[in-house]
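Enquirer: Each chain is listed here by its residues.
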Amino acid sequence: MNEQDPHTPGTEVTPAPEHGAVRLEEGHVVGTGGLPERFTNPGLPHHVPRMADLDEAAARRAEKQVATLFGISILGTVLFIVLYFVLDVDQTVFVPGIGRTSASNVGLGVTLALSLLGIGLGAVHWAKTLMPDAEVVEERHPMRASDADRAEAVRVITEEGGRSQISRRPLVKYTLGGALGLFALPLALQVGGSLGELPRKSLSLTWWNGGPSGPGEEPTFRPLRLMKDPENQPIKASDVTIGSVFHVMPEGLLPDPETHEGGAEDLLEEKAKAAVLLMRLDPAQIRSQKELDWGHDGIVAYSKICTHVGCPVGLYEQQTHHLLCPCHQSTFDVTQDCKVIFGPAKRPLPQLKITVDDEGYLVSAQPFEEAVGPSFWERNSS
Amino acid sequence: MNALAARRRHPAAIAVLLMLGLFLTGALYSAFAPEPAEATTQALASQSVEEGKALFRANCASCHGVNAEGRSTGTDDQIAGPALAGVGAAAVDFQVGTGRMPMTQPGTQAARSDDVKFTDEQIAALGAYIASLAPGPEVPSEEAVDPTQGDPATGGELFRVNCAMCHNFAGSGGALTRGKYAPSLKDVSGKHIYEAMATGPQSMPVFNDANMTPESKRDIIAFLTTINEQENPGGMTLGSLGPVSEGLFAWVFGLGILVGCAVWLGAKAA
Amino acid sequence: MSTSSARPADALRAGDPGYQAPPSGAARRIGGIAGWVDDRTGAAKPVGYLMKKVFPDHWSFMLGEIAMYSMIICLVTGSFLTFWFVPSAGHTVYDGSYVPLRGVEMSQAYASTLHISFDIKGGLIIRQIHHWAALMFTVAIVVHMFRVFFTGAFRKPREINWVIGSVLALLAIVEGFAGYSLPDDLLSGTGIRAMAGFVQTAPVIGSYLVYGIFGGPFPGDMIIPRLYSAHVLLIPAILIGLFTAHIGLVALQKHTQFPGPGRTNDNVVGYPVMPVYAAKAGGFFFIVFGVIALISALVQINPIWGYGPYDPSPVTAGSQPDWYMGFADGALRLLPGWLEFHFWGFTLSLNIALGALVLLPLVYTVLGVYPFLERWVTKDEREHHLLQRPRNAPVRTGIGMAGITAYTVFMFAAGNDIMAIKLGMSINDITWFFRIALFVAPPVVFWVTKRICLSLQRRDRETVLHGRESGTIIRTPDGRYFERHEAQLPEEQWVLVQHEAVAPLELEPEVDEHGVARPAARSERVRAALSRFYFADAVNPVTPAELAAAHHHGHETEAIEGAQPSPELESSQATDRS
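Protein chains in written order, with my numbering: chain A, 699 to 1080; chain L, 159 to 428; chain H, 2 to 579.
Not one of these hints is a red herring.
Straight-line distance between alpha carbons at most 30 Å, and here's what the computed DSBU-like set of lysine-lysine pairs gives: (1) H:157 - H:53; (2) A:1051 - A:988; (3) A:1051 - A:934; (4) H:423 - L:338; (5) H:255 - H:54; (6) L:338 - L:349; (7) H:255 - H:46; (8) A:988 - A:1037; (9) H:255 - L:426; (10) H:53 - A:762; (11) L:426 - H:54; (12) A:1037 - H:423; (13) H:157 - H:46; (14) H:423 - L:349; (15) A:762 - L:426; (16) A:934 - L:349; (17) A:988 - A:899; (18) H:53 - L:426; (19) H:423 - L:344; (20) H:423 - L:275; (21) L:275 - L:344; (22) H:255 - H:380; (23) H:157 - H:380; (24) A:1037 - L:338; (25) H:255 - H:157.
FYI, nobody ran anything at the bench for these hints, they're computed from the structure.
A quick note: this is a predicted structure, and the numbers were derived from the prediction, not measured.
Please put together the full structure from these sequences, using the hints given.
Expert: Take a look at the structure:
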């Protein structure tokens, strides 16, 4: 455990009988037979001179090497400046092993590297070959201040500090303590209180509830068509063939894909909750009656937001009907109402109840019955 | 030889020897490794359904059944090969044209192979036979998969929503459950990408024309062609696998080089 | 100039090395500038002291410097990037020079990162240097920490610096995560999405916490500017403050050194700052910068243009954080779902909170606390300036390796999907493998490491007692063979015998001298048990007596050339030989 010198100055190590155990440095076996208990430090080894110390030719060679490295650095710097002006930012170049790459990135990077490495390698080579290489010894002193200094510090704090009369005036002492303890509260309140809105019900609402679902919104339900993401076109039930998967957003959420106009005001915030995955299975394969009832002819819609930490669960395997989350590999079985069959998620993906409107398009029959996405403390209470 | 003997105790000698050994082993292996077996099919030049049927019986029926009705392996409900009525000529062209079929042995997933066992004419004949069983997706026309007619930016948006979660943002592929995977899309022809979307091979869902219009499919092909052909502005891509390969590079090469420099810096000069 | 008068500034400080120096032209000039400063600050004394300071030379002492220099590179390149980066979630439609994204809606943060990468001359190389340097910063911190831990450099008086270092390490990865999130591309947005998800699962206050951080519903407009101010102002300020304290304490306490001939607990053997260490350390800065620039020129990092703008609906396969957050992400992948509980209408998601909210601070707290734990066990109150060879502290080395193993299992688990496709394995099998490995591997690694350390110590003893194997086979006249063992040089021997013999603490007798029962305090019993755990099977160094005994008996089994009981005698012989 310990070093060879147990007698570090300044750390008076006295066997302390009040300790219940034997001190570590007393634990070892004591030597015998008049021989020293331990080997003694043989001292610094002889300095072995380098080639450059003995041979002036070698030293001159080292000098030339160092100068060459510094020269490479200068060259690199000059080349960098030249390339900066010569190369266009969108020019490309073929580099073996990389392929076509940005000429300015590789050109400026390599010349910058030359400019830096030349200095670095040159300086170190210089230090290693020409600067003195005999090791120097510096004495250490214990970190601990002398007893007198310690006593003085304690005295200043207690006696001189005591002259403030803090210990004799409890009223001052306690009010100061209270004031110091409280003064940060206004600052903390300002930043903590104004960071953001309170969630209210918004974590439990989505655009499927009938429209904007941010904090304070009270959307009223109306059936919303299921729209393809990102094309924003409604989906006919007959278009959803077995084995296909549609990425879906509610009607009115997405802007026009051409003009970027319309859609939700808080587009990303709404998308983050409303994304839905639409699949069609052979109804015979669906093992949950609720799933069948909430779907339409084997067409089922589930929230795409993982119940683990909220990544989009988009990986649908059309043969096994498994949905896999690419972030943490939670796997949901679509034939069993999206029950978790592997991975860190606990809850099944919430199902969106769908039906068909008069024109044959798929519409929502009711909003999500529970909060979508990751768990939170009060999610079942509202 | 004397010079060599003098250097054999050099600190770098072990490293050099190791590299040399590894290199030689690799070289010997590549020289003596068994060549992949040659395709045994004989060329049969015919476009007709009858020729396709003959080819099918000879090469595919063992798994898919004599009349492409599908066959079970006999254990549980595992199938040796699915029924093929209605998969269309596009599915045949994709599966056979990318070397996935015929599979040498049943596995979790048929892998793409450069070793395509049939000629284009034979594939067309097989497709004609399968298409004659029931209507299904057709092999797309040249124009339908022409990347120059698509919009790569729109294709990129479609790709990110519909494809990237399995195939990765750069089409490098990704993992699915239980050993299945979404393959890399590098150097896959536009025709095969179109066919894969239209037919939904293996784990992949089907993207029919209502789900994704032919124009959208062409946009995706245009996007993939663009990112395949464009330069890698930053240099080596490390497989376009994201932060894992970057972290590995930092640990192995970044740290390796810098520690090497530190060792050189701390070593006494000769 | 006043300095060229009869009283130059450097003359004010008698005893300065410059005082006696003949006033050459150069010295007078330096005296002129430096004197002006010294007149006003009295800096000559501390500067002279610092210039003479001795630093020991060892490659592993440069690991901390790699971290320091990488941080400086990040600061420099990061300042450049702020000139063009727009930390705003405001919407814009891209019309820059990257064709596959033209006409796509995106945030200004993402658009400006594309602008830096494609339209600013040299912008991409600066961005790549910044990111590679950040990765090297975090890598170097970890490896530096390994070195400090395994050599026992954290022992008194350096516990404070170890704690500062642990905080620095934690801040570095938080700083890295904030930076990784800024470009607002699909990958980093998914990272923020996961962050929002796990903050939301914090018991009781989760939903308020996440709405506070994001200024409302996820993702909102506030997170990019807030992360930006944390990334460029708040965390760097703390990082630099703590780093200054860290390096200041190194200067104050002087660097530790490896044991060796001439090196004691009371000295530092090495090279002075002026000129050797200044050249080496200064040169090393340029080497680190140059190597990172070279990597950035040739190897692409975080191609944000490929990921596309963030949108909560799409996601990419292989969504991982940068490596330093991998352990937390891996923990999220390994934790089973049954750790989420529902009761009284509330939801407690330990499957998430344990991995994300608990593990991250826990790792760094355990690290920070370790020196105090070990000191409590050993009751060792002395200052330690000599490093330990890791083999001479087998249990600590084992603990460290077990910790690294657990960390590595978590970290590799974050790459399970990449492993699955690259190794052709099932992602489910890999996940289960890591789940089991998390519990099985650390104890196994602990045991194996400890055994290896003990074996190495025994080999050291063998080498000291019987000399080193020469490879020369001798045949005696009567036909017996033996290998000649050569005595070690005392310098070689010293490294193997310098460390202190140890034994576990023993409880005092249960009864005192009057036969009265003396119940040992519970803490003493725990301490004694832990001490046995640390030191029970310690292999102690050879003592001179043992060496003498070995030489006395040695002739019966093997010949030892130059067998001498005392290293001092051997020393003279060794010098003769060389």
